[in-house]
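Asker: Here is what each chain is made of, one letter per residue.
2 protein chains.
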Amino acid sequence: MSGKVFGVALGPGDPELITVKALNCLKKSEKIYYPATQSSKGNQDSFSLVILKQLDVEEKKFIPINVPMSKDRSHAVKAYADLFLKVQKDVEEGKQVSVVSEGDISFFSTFSYLLEDFRKNSVDFEMIPGVPAFILGGSVGKLPLVTQNDKLLVAPDLENKPELKALLAQNQTVVLMKISKVREWIKEFIEESKLQFFYGEYLGTEKQFTCTDMDSLRDRQIPYFAILIFYGNK
Amino acid sequence: MSGKVFGVALGPGDPELITVKALNCLKKSEKIYYPATQSSKGNQDSFSLVILKQLDVEEKKFIPINVPMSKDRSHAVKAYADLFLKVQKDVEEGKQVSVVSEGDISFFSTFSYLLEDFRKNSVDFEMIPGVPAFILGGSVGKLPLVTQNDKLLVAPDLENKPELKALLAQNQTVVLMKISKVREWIKEFIEESKLQFFYGEYLGTEKQFTCTDMDSLRDRQIPYFAILIFYGNK
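As you go down the protein sequences, you meet chains A and X in turn.
To convert, note that position 229 of the first sequence is 1158 in this note's numbering; the numbers rise steadily by one, no gaps.
To convert, note that position 175 of the second sequence is 1104 in this note's numbering; the numbers rise steadily by one, no gaps.
So here's chain A without its partners, still in its complex pose (with noise of 0.2 Å):
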């Protein structure tokens, strides 16, 4: 058998949400890299981790890729190459191995950033999808992303008030990603709009948390793994 490296989509958090061909190829992979975040202090934390612990994988075929947390990217950059060398050796030794995502793998995926390098040096590689916390946000929220002609924008930064004003008077519904960053004025553009929202955080995990309602926003501290759902000119 050669070598061969799968881009590998965990899915959303529930350790069930992973498709059925996903989870084979992880059966079959000699070994399972997984993005961790690391503090300056060396502590690990790792969303995929939590995860890979909870399906019927080997757990001696994980091995952590530590990007720094840090708002210089060179760090992470450093990362992915080094990550980049390790599944090219591994390719080469004709081992299959997989890179995992949370989420979806071709979808704000560190995966993304491998492409290139694989290209270039003829490194086999394949992908494999999975659901996106946004598309489980629909069902946990019973509210339908999009029917019929509607339009659906998924904004991972935003500027200000107006600029989420302008996006939803375009679109249906939007999404937004990384909402700790406009932690300061969102719950205010919620409670003057007036418009029907969901708000999810650690989609799909024990930890999961989702209201509709601003009475249950109000005083919460928005982490990291936290999206929004406008459903905006309907």
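Each hint should be verified, as a subset may be incorrect.
One copy or any two copies: either way a pair holds, since identical chains are not told apart in the list.
Unchecked claim - Below are the EDC-like pairs computed for lysine to aspartate or glutamate, each with C-alpha atoms no more than 20 Å apart in a straight line:
# : residue 1 : residue 2
1 : Lys960    : Asp1019
2 : Lys970    : Glu1055
3 : Lys957    : Glu945
4 : Lys1116   : Asp1086
Keep in mind that the hints were calculated from the coordinates and are not lab data.
Fit chain X to the supplied structure of chain A, relying on the hints for placement.
Answerer: Positioned in the frame of chain A, the structure of chain X alone reads:
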């Protein structure tokens, strides 16, 4: 055990791209309703049934929901109303049943039309998400949909070239669905814009065809189950 209806996502076409949770739910369900379109000559066509038949689930559970092919929405509305009554009866009898949809269950899915009736009549329901076709598109094309702070737009309905041009100016990635409706001008737009794109038909099925160059797309008849992903202003 009390009755309940599950909206179950089948994923984009490949039977292995269903989630473990969705597959387990179908195995436990007593009946599985699936959408089928019916031509005026009485021929039935169902993308969902093609997927279902490849799963390890008893075929005798499968029940078609016939939605007549027609521009008049009232026929579809009647089909959903009939389905609601059937499901309500099942749940009152204490049965656990599923209503399936290809792709995701909250993303342009027929299940959405039932929710209001479920709520009004206190029918217990749950939704199990899946991988939408455009998410598979990112993996099959090996072109990441979004990275870093990219905005992604899903647009199922487009008027004309200026509208598409405006959307591409505002978003890094634009996914077009139902492109058979714009087949008159979309190929011309691609040639003129010279943007990077991914075209996919019947993704995840045996009939899958994909390309990222105009020479392969130029003479192609675009079917209903086709998407286009534009990689915009990068």
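Asker: Each of the hints needs a verdict: does it hold here or not?
Answerer: Going through the hints against the structure:
1. For the homomeric pair lysine 960 and aspartate 1019, the shortest alpha-carbon distance inside one copy (9 Å) is at most 20 Å, but the shortest distance between copies (46 Å) is not.
2. Taking the shortest Cα distances, lysine 970 and glutamate 1055 never come within 20 Å of each other, neither inside one copy (35 Å) nor across copies (42 Å).
3. For the homomeric pair lysine 957 and glutamate 945, the shortest alpha-carbon distances inside one copy (18 Å) and between copies (15 Å) are both at most 20 Å.
4. With identical chains, the CA atoms of lysine 1116 and aspartate 1086 are at most 20 Å apart within one copy only, with a shortest distance of 16 Å there and 32 Å across copies.
Checked against the numbered hints given earlier, this structure breaks only hint 2.
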